[in-house]
Every structure is written in C-alpha cells, then in structure tokens.
Amino acid sequence: MTNISAEGLANKLKENLQASHVEMEDVSSGCGAKFNAVIVSDNFNGKPLLQRHRMVNDCLSEELKIIHAFSMKTLTPEQWTKQQNK
Amino acid sequence: MSSLITKLLVRPRTYRFLLQQRFYAANAGSRENIEKLVQSDKVVVFMKGVPTQPMCGFSNAVVQILRMHGVDSYSSHNVLEDEDLRQGIKEYSEWPTIPQIFFNGEFIGGCDIMLQMHQNGDLVEELEKLGIRSALLDAPQEETKS
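Protein chains in written order, with my numbering: chain C, 1 to 86; chain W, 1 to 146.
Calculated from the structure, these hints are not laboratory results. Treat the hints with care, since some could be wrong.
Here are the in silico distance ranges between beta carbons for each label pair [stated by the list, open to error]:
hint: 1; chain 1: W; residue 1: Glu94; chain 2: C; residue 2: Lys12; range: 36 to 46 Å
hint: 2; chain 1: W; residue 1: Glu32; chain 2: C; residue 2: Asn85; range: 42 to 52 Å
hint: 3; chain 1: C; residue 1: Asn43; chain 2: W; residue 2: Thr52; range: 17 to 27 Å
hint: 4; chain 1: W; residue 1: Ser75; chain 2: C; residue 2: Glu15; range: 17 to 27 Å
hint: 5; chain 1: C; residue 1: Glu7; chain 2: W; residue 2: Lys36; range: 42 to 52 Å
hint: 6; chain 1: C; residue 1: Asn45; chain 2: W; residue 2: Gln53; range: 33 to 43 Å
hint: 7; chain 1: C; residue 1: Ile66; chain 2: W; residue 2: Gly57; range: 17 to 27 Å
hint: 8; chain 1: W; residue 1: Asn27; chain 2: C; residue 2: Glu7; range: 22 to 32 Å
hint: 9; chain 1: W; residue 1: Glu81; chain 2: C; residue 2: Glu15; range: 33 to 43 Å
Computed from a predicted model, the values in this text were never measured in an experiment. For each residue, glycine too, the CB sits at the ideal point set by N, CA and C.
Take the sequences, apply the hints, and build the full model.
Structure below.
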C-alpha cells in the first residue's frame, strides 16, 4: 500500500470505472506521491465534471489518502477523440 | 465609584471574549460551523495558506484563477491553521483534497475543476449566476466599451 504505482492506479480505474484509456503520469520521480492523470471512460457520459471527479475519488479513495497530489482530466471517449484530433 | 470603573476597565471581559472565540475554534470542523462558513459569502475558498501567501501550488492556482476573473472579495479559510477544519471540510463535501471552492454555499470542486471551468468558459457563467461579472469579459475589449 505504501508504494503506489501509476500502473496500479490505472488498472484500478480500468477495472472499476471501465476506463477505456488511462494516462497516469508519476510526476514524483517514482516515490508515488504525485500523479497527473487523463482518464477516458464511457461511464462519464452525461455526467458533470464534479460527478466524474467524485467517481475517480471514490475509486481511488484508499490511494488518495497517501498520494500527496493528484491532478486529473476526465473525458468521455468522444471528448478524447476530439482532443486527439486537435 | 472610581474603583468600580477601574475594575471594569481592568477586567478582561473583552479578552475573555476573544479567548472564547479561540476556544470555539475547537469546533471549527463541525458540520454546523462549516455550513455557516460556506454560506457566509458568495465565493468561499478553503485553502492551504492565505490568498496573499498560498502554501501549496493547487491553492495558489485557485487564487490566481479568481484573481484573473477579478474576484478579489471572497472568504478564504486556511486549513493549515486548524486541523479540525481541515478534516471537517473534507467530510462535509465528501472531497478528499484541499483546496475546495464553494459558490453560494454549493460545493464547486477543487483545483482541477476550477482550472477546467476556467478553460472552457463555465467559470464566467457560474460567476455571472452569483452576480459577479468576470474581469475577463472586459479585459480584451476595454477600448470598444461604450
């Protein structure tokens, strides 16, 4: 539990939020305290930003107690494609 | 008579009142108190540090975003000064991190949400609902304003 990996977080999000794409960047130089995330999931469809962030917070509630800083972008697959094509 | 006046002057009633205020701060994290705090102003921010000296990058970002929109009269509460408040606010809004922003008593989100609302224009709209005109609306077309 003390060693949080970007991969572990990404897997959890993929499993629990059916995230189709997760970019989890460990910006703490590997100590597992600071992450930047892009999370793409169908489950975000029709949900406002606050609710999407709550879904992620709930999913990672245990980890977030330890992680010092966590930044996220929550996108639907549609928004993600749009952003890719920019 | 004069001794009574002296007594009254020396009596630290006012100071006792201040001490009591501090004492009450022990309940800063209570649901009741937080409800009062979030409804005390149109914009209320719970942050690390104070707007003139934020003690965390995320809190600083929120302060800077509000500043860009010309929002400078808002209430801010420094959670680093009160552990009880720090825990209480997290439970109140069911949100694990600081900073936290409230508009008209309603929880808006943390730093990420503020930043994204700033980027997609929602923040201007939300401020308008509060009767606050974002300074960004005026900034670029200052000259053409009639």
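Any of the earlier hints contradicted here, and which numbers?
Going through the list in order, the structure violates hints 1, 3, 4 and 8 and respects the others.
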